[in-house]
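Trainee: If you're matching them up, the sequences are chains A and B in order. Numbered by the working numbering, the letters in the first sequence go through residues 1 to 449 in order. Numbered by the working numbering, the letters in the second sequence go through residues 1 to 183 in order.
If you're looking for bench data, these hints aren't it; they were derived computationally from the structure. Bear in mind the structure is a predicted one, so any value in this text is a computation, not a measurement. Errors might be hidden in some of the hints.
[Claimed, not checked] These stretches of chain B come out as covered by chain A in the derived footprint (C-beta under 8 angstroms, 3 or more residues):
{"hint": "1", "stretch": "94-100"}
{"hint": "2", "stretch": "148-157"}
{"hint": "3", "stretch": "163-169"}
[What the hints assert, rightly or not] Label pairs and their in silico Cβ distance ranges:
{"hint": "4", "chain 1": "A", "residue 1": "59", "chain 2": "B", "residue 2": "151", "range": "50 to 58 angstroms"}
{"hint": "5", "chain 1": "B", "residue 1": "59", "chain 2": "A", "residue 2": "171", "range": "31 to 39 angstroms"}
{"hint": "6", "chain 1": "A", "residue 1": "316", "chain 2": "B", "residue 2": "93", "range": "39 to 47 angstroms"}
{"hint": "7", "chain 1": "A", "residue 1": "181", "chain 2": "B", "residue 2": "151", "range": "46 to 54 angstroms"}
From the three backbone atoms N, C-alpha and C, an ideal C-beta is built for every residue, glycine too.
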Amino acid sequence: MLKKIILALTCITAMAFADGVGNVNLTKVIKVDRNLSPLAKKCIECHAEKTPGIVADWKSSRHAHASVSCMDCHAVPADSPMAIQKEHPKDSGNHVSILVSPKTCSKCHAKEVEEFQQSGHARGGVQMFAKKGMLELMYHYEGRDHPDLKDSPAATGCVQCHGLEIKLDKAGYPIPGKGWPNYGIGNAYPDGSVGSCKSCHSSHTFDIVEARKPSACASCHLGPDHPNIEIFNNSMHGKIFNTEGNKWKWDSAPDTWDVPDFRAPTCATCHMSGVNDLNTTHNVSVRLKWNLWAPHSKQRTGGFETAAFDYAKDGKLTAGNVLAGNPAGPEAARAEMKQVCKSCHSTKSTDSFFISGDMHVELYNNYHSEAKAMLDDLKAKGLLKADEWSDEFQRIYYHLWHHEGRRMRMGALMGGPDYAHWHGVFEVQQDIRKLKDIYDARIKSGKIE
Amino acid sequence: MRKTKLFTIAIFIIGGIVGLVFALGIAQFMYVTGDDKFCVACHIMEPMRDAYKNDIHGGNNKVGFKAECVSCHLPHDNIVKYTYQKAVNGVVEGAIMLFGHPEKFDWEARRKESKRYVYDSGCMHCHGDVKNVIADNMKAFLAHRDYFAKNIDKTCVECHEHVGHKNLGFHLRDKFGDLNTTK
């Protein structure tokens, strides 16, 4: 009896796992026509007159080559939260969105979008609007709480690189004056997705060559607070790129772009490319050991970035995961970065470079601990002004970490000596002396000067 | 002896006939309970049905070809899983209709969980062609390369969000009002 039961069970189990047993509904396999639809052709014909630049861009793009048309990115269902309410073109029954979100791009580039959303880039927009201090700076201190003009500092500045939460008016267009249009990397869209592919692959060519050049990053990573392009130009890598980059091969397929296509790395090479045994990634945080941007540099032990996923889930604006990096930890991140170096440099010189770099980061932390201790003490004793931007101590403290301290750390780890030193540690050394003077005076007098 | 042999043969023949009738009965039952007419027996499904009728998958296409509800909403990897899921859905959804308040559900929120109740094996049953790497299919294949290479962990409806039910948002709003729909 037992044997029979076992046999019966075996038969049933075998049936359950037999692939294709019982063709449940006998349908023919359907093939979808992938050519340009009549409506897509209509878009192109009309827009070639109305906005010839856009059509010209698209015409020369890989998208055009693969028959990815206006419709594939801009057409949305009428009930989509992204849709413009009026039909477009008129009486076609078709709806479009003026916005194209990462969710749209992910229909074909899902892996890239997922990796992007796991990176620090993804929190760029939402974190600004989740922090009280940032909101105060943009709208109160800079915008002067002016009833009509308070949006302009964010709209023309911050949001252009960071992005914002894009809201639509009743007609389905982004509300003007808040910071749209922009090329901000962390836009949060009405469809719940976060990011902006066109920050690096500008529309409507979406070119891989463009994104591989330092200029793609330089439009945001510049200036006193994170002079990454200046540091790159200061470095030997930048010197070589500036000398002969115009002769390099820029359009190799992803994961195959490696030496000798180039003789020195660009931003993308180190932070994203499939050099050596590494896989190409759109997670720019995954090869980073430290968070060099923070007031006090910590190792990136937080795993993946969370801001985009939180926003997708319930529309919440969060500060994100400030320790986002490599899920296998900061040392794994460093090991990945070293793989890039080793395409051209020996293990010995690679290791030595990072020993010096890490030392400079820890030296900065040493300065910062002292500054922070003074700041905390003054705060506890009520010796700080409420308006931090009119308080000399707080102003210097801000410049110490946000400007000079970042230059010191980033200069060291990106091989830019002028920034590691003159724009970096030299200034930090001056700052700490100024802070000490103010601190001593306030403690002695018990008053803010 | 002869009697027993005859009896055995009779058993087989009668058994075969009974089995056939049962099998056809079950097949007919599966067929009848697989389309929108049956599913809308529960009126809560009306907006889904209306949106489906307007969609390419619901027959709104050049040839009138359509996928049935179960073509997408039941797994198609094999008949045991198919039958099991059908039975579970029948019992659970029946119970919700009888004892629950599905008219108070946040249906828009449920739409976001579509990967729970739309099965890739159903999609692939008809759209298996996207998997073929042949010259005249490259455009379709390229967009799905990461899916088949398992470079991404996504189901069909996570990218093809609005598939199957055209403008379902409007139909849901018409039936349930704004109260039950999130933005």
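Trainee: Within 31 to 39 angstroms: is that where the Cβ-Cβ distance between residue 59 of chain B and residue 171 of chain A falls?
Mentor: This hint holds: roughly 32 angstroms between Cβ atoms.
Trainee: Taking a Cβ-to-Cβ distance below 8 angstroms as contact, does the stretch 163-169 of chain B have at least three residues touching chain A?
Mentor: holds (count 4)
Trainee: Verify this for me: three or more residues of the stretch 148-157 of chain B with a beta carbon less than 8 angstroms from a beta carbon of chain A.
Mentor: Per the Cβ count (3), the hint holds.
Trainee: Should the hint that residue 316 of chain A and residue 93 of chain B are 39 to 47 angstroms apart at their CB atoms be regarded as holding?
Mentor: Once the Cβ atoms are compared, 32 angstroms apart, the range 39 to 47 angstroms for residue 93 of chain B and residue 316 of chain A is violated.
Trainee: Count the residues of the stretch 94-100 of chain B whose Cβ falls closer than 8 angstroms to any Cβ of chain A, and tell me whether that reaches three.
Mentor: violated (count 0)
Trainee: Go ahead and decide if the range 46 to 54 angstroms is satisfied by the Cβ distance of residue 181 of chain A to residue 151 of chain B.
Mentor: violated, 32 angstroms
Trainee: Determine whether the Cβ-Cβ distance between residue 59 of chain A and residue 151 of chain B falls within the hinted range of 50 to 58 angstroms.
Mentor: violated, 30 angstroms
Against the hints set out earlier in the document, violations occur for numbers 1, 4, 6 and 7.
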